[in-house]
Each structure stands twice: as structure tokens, then as C-alpha cells.
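With the hints as constraints, model all of the structure from the sequences given.
Chains as they are written, first to last, in the numbering used here: chain B, 43 to 678; chain H, 43 to 678.
Don't read these hints as lab results, they were simulated from the structure.
Every value quoted in this text rests on a predicted model; they were computed, and no experiment measured them.
Note that identical chains are pooled: a pair holds if it fits in a single copy or bridges any two copies.
Capping the alpha-carbon separation at 35 Å, the derived lysine-lysine pairs in DSBU-like fashion look like this:
hint, residue 1, residue 2
1, Lys466, Lys318
2, Lys644, Lys61
3, Lys412, Lys250
4, Lys412, Lys513
Number of protein chains: 2
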Amino acid sequence: MKYEYLTNTPVAQAIGMLKEQLTANGFCYKTETVKTADSLHRVTATAVYAKRSSPHYCSSAMDGIAVLAENTFGASEANPVTLNSDQFVRVDTGDVIPSNADSVIMIENVIENKDGSVSIYAAAVPWQHIRQIGEDVSMGDMLAPSFTELTPSLIGAFMAGGVLSFEAVRRPVCAIIPTGDEIVSAETTLEDGDIPEYNSAIFSAMLKQWGADSIIYETVPDHIELLKKAVTDAAEKADCVLVIAGSSAGRDDYTATVLNECGSLVCHGVAMKPGKPTILGRIGNVPFFGLPGYPVSGITVMNTFVKPIIALLTKRILTELPTESAILSGKLISSLKYEESVRCRAAKIGDDFIAVPMRTSAGLVSGYSKSSALLNVAQNCEGYENESEIQIALRYPKWQLDTALMIVGSHDPLLDEVYDLMRKQENSCLVMSSHVGSMGGIMAVKRNQAHMGGIHLLDEESGIYNIPYLKKMFLTQKVYLIRGVGRLQGLIVKKGNPKNVTCLEQLSGGISYVNRQKGSGTRILLDYLLNRNHIDSSTIYGYEREEYTHTAVAAMVASDSADVGMGIYSAAKIYDLDFIPLWNEHYDLLVSENAFDQPYVKLFLDALRSHELKDRLTQLGGYTVDGIGEIINWSE
Amino acid sequence: MKYEYLTNTPVAQAIGMLKEQLTANGFCYKTETVKTADSLHRVTATAVYAKRSSPHYCSSAMDGIAVLAENTFGASEANPVTLNSDQFVRVDTGDVIPSNADSVIMIENVIENKDGSVSIYAAAVPWQHIRQIGEDVSMGDMLAPSFTELTPSLIGAFMAGGVLSFEAVRRPVCAIIPTGDEIVSAETTLEDGDIPEYNSAIFSAMLKQWGADSIIYETVPDHIELLKKAVTDAAEKADCVLVIAGSSAGRDDYTATVLNECGSLVCHGVAMKPGKPTILGRIGNVPFFGLPGYPVSGITVMNTFVKPIIALLTKRILTELPTESAILSGKLISSLKYEESVRCRAAKIGDDFIAVPMRTSAGLVSGYSKSSALLNVAQNCEGYENESEIQIALRYPKWQLDTALMIVGSHDPLLDEVYDLMRKQENSCLVMSSHVGSMGGIMAVKRNQAHMGGIHLLDEESGIYNIPYLKKMFLTQKVYLIRGVGRLQGLIVKKGNPKNVTCLEQLSGGISYVNRQKGSGTRILLDYLLNRNHIDSSTIYGYEREEYTHTAVAAMVASDSADVGMGIYSAAKIYDLDFIPLWNEHYDLLVSENAFDQPYVKLFLDALRSHELKDRLTQLGGYTVDGIGEIINWSE
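Structure below.
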């Protein structure tokens, strides 16, 4: 009795169906009484009226004397009027106006006489300098209509109007139920095959941003009855139920089955990427969501489907990310089958606001966290040509992206360390780094799609680093080359070197290798060295196996997934691996002409040239820093 | 020994002096270890590196079989390869790749044979469909540099990288010390002269928005030693000390004196309105602020001076309100002596984004809460001409102001009730109401500075309401007049009518009157009736005493501050006062031509015509609703 059904329902239709079914079944926010003093961001459930006036008495608006205005009529410079001590009362700002007075004269305009009387030189206008009852709020005035979010000043207005508590929309509580036999607590030591559970932390943080609380359940194994029990319990306790994973139609995917037994399934499968295996439904009038287990899919489903339902439960206006026009860097192909959400890096390059799509995979939550914008490609759109004008949703304020530094090229930990040092300056900025290899960096800077790129490209003929490439690629365009570091490349092997690797030739001897991606400087170096040593790459087991960073290569070796990889010394050191040095290379920085004078590049170069960085590089190991930060005169 | 000194230090200079003195004295944020799962909006105090790789093992990216690729080489449609049961392993997405396998074949491309073997029709490429170690995060990678605010996805990235807790910037704690003999708890029943304390609630909500916590002290009376004790205690316990009121240079203003004794005064008096009597200082390396007691002054000082210091303590980027160009409605004069913050209502009227300055007074916190934008007039600026292009800071997202309804004119509670009903619709909008009287409403609609206005203007010659004014004022311009309500105007007197008021003539008989402001329909009605009854307004005590709303007039009578005022029946009813009916008037709604088809006007008219509104008006009392919401054909 396994439910298996995956539709491809368009996003708007799916959310419409869910809202309609919920509304038809009495779905509604709840209310509770809250203390005004503690009600920031809470939402009024009804119109709120002032219970008292503010001020609630007529008070002096000045320091001075309270008088009956008619007693001062006729007073002038030539003809001052004298008031004796029972004709005036000394008042400070905020003091009560005595019942026999109707105006206040500022203390500066009062001459005190020795006998206790005062002289004044201008007639008082009745009710001058008196703060009237209700100047701010009058009893009975509506202070806020229904569904108004409390700001600090509105808290003040409520309290001024004597409203010390009020009926607010209750914060909804969402039950989050992780599922899966392979799921373990993120706190445990992980074995192979274990998947640590952290989706619940991501989703509960999102809910918190939207004004909702969460109850996180213990992970439920792939077992129908146990899941049914958890879901039933959650539907009783919570205002919304989220089940993580098991939302597809595979062997162990029970979410839809359980929903069909406990409640009503509205839609299984939506035309969205990532996030297709999504389940929408309800248990009575409690909304139910089955979310895919990959974190980026889950985040996308939360934003697309859960957020609008939470908005109905909180009655808050949950604003969308602001959108901006940008120029797409590169061609983007998308399917007509689904709506697609693409993570991008966005920054101002020269005069243009550029968006660079990121490597997408629903499992890359760290990639998502580093994205600065999202591009939504509609279901009926096949994608965009390179340099198309597109609309992107910004994850940072526009001004931060306009002043951000975009680095595209080969990666070295030095880039991260420089960024950290930049963050410690008062006028810091965002730095976005894409790791696409040295050639990718050169192309990005050349095409005005990046401010800067890390490169380490060996010219096989001359044996010179970087400069020959610039001479070839930048014939007319000006570009700066900044000296970075010398760094040691070599073979990374397990601790103690059990396979006894000493030279490149051994790679063809039945050893398992892990390579770097095409276009990366390390890959180019390997090919150069193989060539020089007359080694055929097809004899290397794992030559096709590609990783994107030095640390990922080291991680493969450390976990016994490969015997050897090529990378920099510091990566081997982090993983406590052995290292056979092969080559000393130059890792330099390319800076586009129009970026060179910008504050973000200056900040970068200051950090690059700092003593703190030299200390950190020594700590990392394998670097030489002679001339670091100098401008290399390459065009001669 | 009283300290008396008030400078007029420019704002930027004052904050610069404070920052300099603090920095020179070792002022710095503090840090603490926090759990990642609970760290939304927290800020990293150091760079954070991954402690493990994610995934930490090579896993299948598909449901299928894991094989050694070389066993499949040569497979084709014509020449399938058969693998026996020890040459493959069934794997699901996320499963561990066995050590003797190096690729995964999707289950869809596998034919299962009866003998337990499988046939495949295409060679597997080594490492296909395998999710490599570190695809998301590799151990040692920097996940975030110092001073990065945690987002939900970054929480995920940290946890994926095995970072379950990290060193974060500590939430600063601010001590808030209200002062003043006249200050009482907002919870108590107020006597004349009492001022309820709610500034602390406003300020602690602002601090919460900025990521800081508060300790609110009991109110300290105006007594130097007691204040000194509280301030000393606060400087020990908190990271920042705020003293409310007593910051000027009057008789009971001890804040500066106490600061001089306990710490160092940096600046007393800033060139800012509101907020001049501000004190900046420090006690050791703890920043100290003396804030003025008027709430709007306090809010302005919080935003201008406290916020940037909190940003240094939280290391968060506390963004400013976004600014937009707008057309100023009306002339605005400001002094060269100070920088001025002016509350505005802003909305899109026709094609223009219009800002209407609001009546300003540092005591009007409800007014501030209803403002939608702030205009900052620089110290060296004398103000702006009518229709100047100005930059305003928006308190709501631009799209909300672009779709907001701006009502300027005479006030009636019906406007608030309609707004409340509008809020209950799904596509609700903001409504901003300015109460400037009927004539003000006509002028605002005529000048394209409002969408709508409430009017009740009696033409003395014809005895007809509103239409004669439109015929005079809108000769060429088209405008809609919507029937509102008939409402009863009359004299509001104390319960039981102790002065035995029965007719208008008695107003000249030594009775105390409270009037409405010039240009208001009620004032015009009074003048008409006085004229018709040959009563000289100069014989009425209180004729010059002006209030802005019906409820404010009723509040004055209720509190014995006046014997009688003129207003509508519902205001008398709210205050449980007696009412002597004088006149039945037409309160109608003027709608500009370009607004009439807009969604916000449609929403308004739907609510105006609803049964719910009729019920509410019956509840309020004194209204007739025949033809409510009909379009009046006035131009014939």
C-alpha cells in the first residue's frame, strides 16, 4: 500500500490550491493578549483605541509663570504690568496649569521684583505655551487598525494612550520533523553513511525571521507508523507541520502515504528546481509541508511555499527580497519543465551591475550561504543569453553589493585570510570569491565580469608564470598584476606515505589519484609535469576524478577515498597528511584597470601587504612572500 | 555646585568626539561562545573554519547500482554487459560507495535478470553520479570571516562543516535609567502632573532591533546622589548607559553634573532638532548618553547617536533607512542653527512621489508612529520651497508607499473604521490620514497632494454642503464627490450639564469654551451659527483655544479644562458626556480623478459601502448613512 505519485504542478497553482483548501477548512491565525512594552514586531489582532489622553492634563510647555491672560492685557515695554504673588504661579515644563490660569509666560520674559511680585512687558495671549490635553493622543482615538506591526514608536503611542496590553496575533508554532534512517544528530561523530541533521536549524531560523516559533522533533526513522505518530502529535500541538525528507517517491519515502492517512494531500510534486519533490497538504486546518532533504531544496521550498502560509498565520507583511536589474555573466540554460532558482554572485563591475551564476547543486548549503543574489527563471523561460539584462533578487542591500569586491579565479587560502583582515577595518566591504581556476579568472577579468582574479599559470615554453598569459590575452586592455606568493605544489599522500610515493611516475602504477578540474592552475601544472616526464595521463587511475579546491583533494586522501592528489602544502598540513614537494609556483593577483583605484581593492592590497597576513601565511606553511603586494611591470 | 553648559556642537563632530574618546580608552565589543543552531543574526567574532568535510564520505548521487567502471567498458545497446551479484551493489541516494566501486549507474538504466545478475547497455564513466567528499565544504575551508552576521543558510553551512558552536560578538547590554520626580509607572492611575514612563519601552525596543539587550532601572527621582548611585551601578553592569531626561540645563537637570563626577562628559548640547539637550560621555570605557525626555527627541537621539555606538558593540551593519527622491508638499523653513528631522507622510500621488511634512512637536509620539518618512534638513540649510525635490528616508518599503492611500482633510472616526475594515482584506494597503480640516483637504486634492479628503463645508448662502465649494474650487479639474454620512454636530458639555447649557447664546456668558482650529468644518459651522444668531465671537472665553480633533475637544470638557466645546455626537459618547444637538451636517469624501480607479480607493469604497461599517457607525452613534458610498453628481 505505497502511495506513489509525483505531479509537476506549477508553483502559483500549487500554492493557490493549498490556500483554497485551508481557507475552506477554517484555517485562521490565533490571538493572545500581550504586554505592550514587550511587543516589538507583534501584530495587532484588532483595532486598538486609546484608553486615556496624552497628555491627560493641561501642562506648561515652558519654564515660566502661569497667569490669567486678561490680567496682562495692556502690558508693553513702556507700560509693564505688575502681578502680585497670588496672580501667578511658577511652573516648569510639564507642570500642571492651575485652574485659575490660562497662559504661561516664559521665565526669560519675567522680571522678578524684591517684594515677590513680577513685572511683565508684553501681554500674554490666552492659552499660549500651554500643552493641551490630548495633544498627542485623545481617549477613543484609533491608535492602530487591525494587523499593524508594532514599531518602537507605536509601542510608545500605545502606552501614551494607556494601552498597556492588547490582543495580538499569536506567534504560530511550527513542528519540524526530520526523518530518515541515515539521519544522525549533528553533535555525534559521523560514520560513513551518516547524514548529520541540520536542516531543522536552518528552517527554524527562517521561521524565526518570519515571526514564528518551532518545535523540533527527534529524527523519525523511515517507518510509516512512527512517522504517523509524530505527524499526528505535531498536528495537535502546532499550527503548521513540516516533515523533512521522504517527500519524493522512492523506496523509503513515506511522507505522502502518511499524509494521505492522517489528513489530505493537496499536491505532490511541483514544477520547481530545486524543490520538485515537495508535498503540500493539510491535517484538518493545520497546513502540512513535506520538504526535500537537500538543504538548498528545503530552503527554496520554505521561501516559496511555507513563507506565504506563515504570513497568513502571523498577519505580517513578509516582504520579498528587493529586485534589481543586472547583466548576466555567461549563458544560462533552464528547462521549460520547471521554475528554477539560481544562486548568483552580484557586484558592480565598472558601470555595470553584474550577476554571475554559481555552480548549482541542491546539496551545497555553503554555496547558497555565499550567494549574494537569486535569479528566478520562470517555467516558460528557456534561459538567457550571455550579457542578457535580467532581474535578480538581492540578498544584501544594494549599496553593499555596489561596494563589494568580486574575485574570480584560482583559489588560495590567502584570499580568505586577506578577507578576514579586511573585515577588521572600519570601512570594510563584502568580498565574493568564485573558484573557477586561473584561466577562468583571466577570462572574467578580461570580460569585465570580475574585479580581480588569483592566477598561477605556468608557460610551458619559457617556464615563466602568469606574464606570458597576460601578454597573450591583454593585447590592448590594461590590467594590473600584483605579486602574490610563491607556494609549494606537490603530491599529497596519506600520513607515513604507506604507498611509498616519491615521484610522479608512480601515479601510473595502480595508485588511486584525485585530480583538479580543467582550467585550474594545478591541473595545468600536472599536465606540464606529466608531459615533461613523458607520462601518459590515461594510465593514471582517477585522472578524470575532479575536485575544485586544494582542501577537497586533501580531504579525499585523508578519508582513504584516494591515495594521492596534487595540491599545495598548506592543504596537506591542515589534514595532517604527508607532502612530496614538486614545484614552486607563483600565485599572483590580476586586477582590472577600472577596479584598481576603488576602495575595495585598496583595502585588499593593504591587507595583502600587512604583517598580520605574513604571520598567517607562515602559520599555514609552504609560502614565500618576497615582494608580496608589489605591482609587477609585465607589459615591457 | 551645579553644572550648566549647553553647546551647539554639530552632529557629526559630536559623534566623532565620542568615538575618539571611547576608542582611546579601550572601548571594544565583547565575545562569547554560542550554539550555531541558535545563532540567527549573531555575528562571528573570528574567522570560522570547517572542522569536517561535507559530505564526509563519497556517496551515491542517485538511486542505482555502484560498480567498478572498468567492468562496464565496451557495453552498448548491441553488446550489453552482464554483472553478477558480487560485481555491483544496490545503492540509494546518499548511500556509501563501496570501496571496490568507482561509479553509479542509475536504476532506470539497469535491467535486472532472474539469476540475480544485471545487464547494462552503456559503459559507466568512472566517478559518474558520485557525490565526492567535500563537495559542499572541506575541512579547513573558511566558512565565514570575522564579523559576519549569521543567516539561516550560513547556520546550515557552519553545521555542515561541523561547527556546532563558535565565538560570537556578545549582545551588548544597555542600562536604561528613567529619571524625574514627576515620572510614574505607566501602569498606575495618573493624577494631574504625573508623567507616565514609557520611553524605556520605546528605547529598549529600538535596542532590540539593533541586537542589544536592556536592563530597565526603576525611575530615579531628581536627586544627585540617587542618580549617581544608579549610574555607577549601571556602568558596572552594562556595556552602555542611557539616562532619560534631566539632560537639559534647568533647575532639576542633574545628568551632566553626575556624569562629570562619575566619568567624563564629551559633549553637552548638539545642533539637532529635536534632541538639542543631549549629553554624550563615557564612564571608563562605557559609553554614556543623556537623552531628552520628550519621546520624539529621545527617538531621534537614539537613531543619531546611540545606534552608531551599538553598531560598534554588536559589529552588525545597522543599515540606515533607504532614501528616495520626493516632491515636498508645502514650504518648509528650518534654522541654520541645527540639523532638523521632520516627520512626513509620503505616497505616490499621480506620477509623483509626494512628501507632506507633519505637525511637529517633540511630544507627539503617536504622530511619529504614523509618519511614513523622515526628512533630514542639514544644519546649513534654511529649508525648502514648496514642490522642491528632496531626499527622504522611508520608514516603509517603497512599494508599500507607492500603493498607499493618502487622505488629507477633515477627520471623522469613520475614516479609521474604514481603514480597519480595509486591513481585513487580503490585498490591503497602508492608509495615511492627515487632519487639517475641510479646506485643507480641498486644497490638498486640488494641488495633487492627496488622493482623498474628508469635507463638511456649509455654504452659508445656500445652506448646501460641499457642492458649492467644489463648484468654486474645481472649475476645470475633474474630482469625484462620494457621499459619506450625515452626522450630528452639537455642544459637548459635562455629564448632567451642570452649567445648564441649552443654546449657543450662553457661550458668551462666562462659560469656558474650547474651539477647533481655523479651516476645520466645525469651526466654519460655529462661525456660521454665531453669525446667524448675532453672537460676537470675541465675547466667548476660549474662542482662541484650538484643538485639532473632536475627541480632543471632548477630552478637554471631560477633564474640566473647559465647560463646553463643539463637536460630533460620537466624541461626546466616547467620553460619556452630554450633548446638545445643533446641526445635521454632510461629511463627504472628495477623491481626485487620477486616484479614483486605483486599487486603494476601490478598497476604501468597498469598506465604506459595507454592512460592517454601517454596524460600526450605529455603535458610534450620531450618524445617518443614507446613500453612503454613492457618487454625487455635483457638477451639473
